[in-house]
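Protein sequences, first through last, are from chains A and B.
All letters in the first sequence, in the order written, are residues 1 to 377 by this note's numbering.
All letters in the second sequence, in the order written, are residues 1 to 236 by this note's numbering.
Hints should not be assumed to be uniformly reliable.
Residues on chain A that point at chain B, a partial pick, calculated with CB under 8 Å [unchecked claim]: (1) His205; (2) His207; (3) Arg220; (4) Thr255; (5) Val275; (6) Gly278; (7) Glu294; (8) Gly305; (9) Ser308; (10) Ala314; (11) Val362.
Short derived list, chain A residues pointing at chain B, Cβ under 8 Å [what the hints assert, rightly or not]: (12) Thr77; (13) Pro269; (14) Glu273; (15) Thr315.
No lab work stands behind these hints, which were simulated from the structure alone.
We put the beta carbon where it would ideally sit given N, CA and C, even for glycine.
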Amino acid sequence: MSGTTAGLADHLGWSITGVRIVFVLLTFLWGSGLLLYAWLWAFTPWEDAGPDAPATPSRRVPVAWILTGLSIVGLSTTFGLVATRGAAGPSYATTPAWWGVSLATTALAVGAGVWATFVDRPDPARGPRHALAVRIAVTGVLGVVLVLQLSTLQQGGLVSFAGALVLIGGIALVYSSTFVDKWRELSGERVRRIREEQRSEMAAHLHDSVLQTLALIQNRAGASTEVARIARAQERELRAWLYDGDAPADSDLATDLRDYAAALELDYPVRIEVVSAGTSTERASGEVAAAAREAMLNAARHAGGEVSVYIEGATDAVDVYVRDRGPGFDLDAVPDDRLGVRESILARMRRIGGAATVRPGVGGAGVEVHLRYEDAS
Amino acid sequence: MRVVARRSPEGGDPVSRVRVVIVDDHSIFRSGLRSDLDAGIEVAGEAADVAGAVEAIVREQPDVVLLDVHLPGAADAGVEATGGEAVIRRAAPDAPSTRFLALSVSDAAEDVVRVIRAGARGYITKGSSGAEVSRAVVAVADGDAVFSPRLAGFVLDAFGAVVGETADTSDELDRLSAREQEVMRLIARGYAYKEVAAELFISAKTVETHVSAVLRKLQLSSRYELTAWATERRLL
Chain A
1 MSGTTAGLAD
11 HLGWSITGVR
21 IVFVLLTFLW
31 GSGLLLYAWL
41 WAFTPWEDAG
51 PDAPATPSRR
61 VPVAWILTGL
71 SIVGLSTTFG
81 LVATRGAAGP
91 SYATTPAWWG
101 VSLATTALAV
111 GAGVWATFVD
121 RPDPARGPRH
131 ALAVRIAVTG
141 VLGVVLVLQL
151 STLQQGGLVS
161 FAGALVLIGG
171 IALVYSSTFV
181 DKWRELSGER
191 VRRIREEQRS
201 EMAAHLHDSV
211 LQTLALIQNR
221 AGASTEVARI
231 ARAQERELRA
241 WLYDGDAPAD
251 SDLATDLRDY
261 AAALELDYPV
271 RIEVVSAGTS
281 TERASGEVAA
291 AAREAMLNAA
301 RHAGGEVSVY
311 IEGATDAVDV
321 YVRDRGPGFD
331 LDAVPDDRLG
341 VRESILARMR
351 RIGGAATVRP
361 GVGGAGVEVH
371 LRYEDAS
Chain B
1 MRVVARRSPE
11 GGDPVSRVRV
21 VIVDDHSIFR
31 SGLRSDLDAG
41 IEVAGEAADV
51 AGAVEAIVRE
61 QPDVVLLDVH
71 LPGAADAGVE
81 ATGGEAVIRR
91 AAPDAPSTRF
101 LALSVSDAAE
111 DVVRVIRAGA
121 RGYITKGSSG
131 AEVSRAVVAV
141 ADGDAVFSPR
151 LAGFVLDAFG
161 AVVGETADTS
171 DELDRLSARE
181 QEVMRLIARG
191 YAYKEVAAEL
201 FISAKTVETH
211 VSAVLRKLQL
221 SSRYELTAWA
231 TERRLL
């Protein structure tokens, strides 16, 4: 009825009718079918509804409120009883009429609470607010009955005590759905964790086998060969897939230059190591990034071999160093029509108020380009 | 702390070869590395797991152990320990003159920093050429620390050098001195020790001293960023 038999039938591969018949038969065995049904219903996780699943049926009759109303009627009746017997002292607590009415009130109130929290919950028209309201009303009713019951504890003796226990149990039952919810949440959490564990196990396996092999290929093939370049690109891709699962789309300077280095390594016989420190607030679309890319392209095109890129982002400034170990060049000897260094690096940095220096590397080997941009604000 | 005379199986040879033990769980990588190492380096043993590595190191007493960060068989050494860390913790007491150089393929900074804090003298990537590994082995055998540009960048970050934190005294463990920062910055920019020395007008020996001092801080400092940041960022 609430989809439990359907879910079970789906799970076991039986027909729904078959499952229902089994439940009905089991019910004749001292009601075990009913118990099993209730248990399954409470603890079976909700099946995720597909996009084309029909909307959850909405019951129009406010069953929970009708039950609540009836329980309030019952409560008034108990007050009536108390009033008529009031003259004779609190001995009303031992009469069967009192027992009948208070038990009925309790049952109705508990029924209302349970209905509201279990049955009405998936109903979009009655949200958690509705369940909360019913619960508060029901708790009020049960609380009043409980107070009446407790006030007669001395006269009623053991019977009254048992009654009070029943009432407390009822209140617990009304709130039990919260614990059931928690339980369902926990089991969902466990499933997610298991999936995550499987993923990291696979990552560890790939790390131990494929990445090692790719590293070995690079190192056996020699740094600048075609094979090594392809292996390096593959390694980079695999590593990105393994570890940077959910990288933000908005990339910062370091991420951008890393991607660019990867692209250059495919096109030129070069190995570019990008190191970054600090937090870079500089956006990848900025002029500093454009100048740095130009410097890296120059290094890849004219020097090749090993190129080091170091990005340091302080709170108010960013420094980028691009260093190669190629033959080097003399800036003054570069003809004026060659725009690369002069226009794309030096002038670009000057325009945004930064600074760029190009100098020969230490010991005369290669070129080091230093870009510096200080935040004016 | 330059090692003047190394243990040598022949004995008495003053320029004896550096003896290494290679610990890696991939035989193909071990054999590749073995054939790539320079002639001046003698491979005294190999091991593929934690127990085998400890046994080989204690037996051979090598100058340097080339140690993979991730190794199988570390389960009994604690839940969190990577294999490399377990090897250092168990073998170091029984091989006092052995130095460890971590090798890693693409590990999280966390793992590399853990191995260094366990006592490794530096780390290099598995993509490094045989010549680079050989140079690093010799440097470590001589008592120097081996810092890759990435490790230098990480250190600058983790010790707050980027945001302007500077140690007032040289024995402060949680921050770098101004000179140490300069050295680390140049290494991060891809400078070799010799080039760092030329750039800063100091001797190569002084550069090594600074690098060793930084390594010591990396091993002993209790700065929480060392572990917290290493967890968040990947070194390689």
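Each hint tested on the structure:
no. : hint   : in the structure
1   : His205 : violated, 11 Å
2   : His207 : holds, 7 Å
3   : Arg220 : holds, 6 Å
4   : Thr255 : violated, 12 Å
5   : Val275 : holds, 4 Å
6   : Gly278 : holds, 3 Å
7   : Glu294 : violated, 18 Å
8   : Gly305 : violated, 11 Å
9   : Ser308 : holds, 2 Å
10  : Ala314 : holds, 6 Å
11  : Val362 : holds, 4 Å
12  : Thr77  : violated, 63 Å
13  : Pro269 : violated, 15 Å
14  : Glu273 : holds, 6 Å
15  : Thr315 : holds, 6 Å
Taken one by one, the earlier hints fail for this structure at numbers 1, 4, 7, 8, 12 and 13, listed in ascending order.
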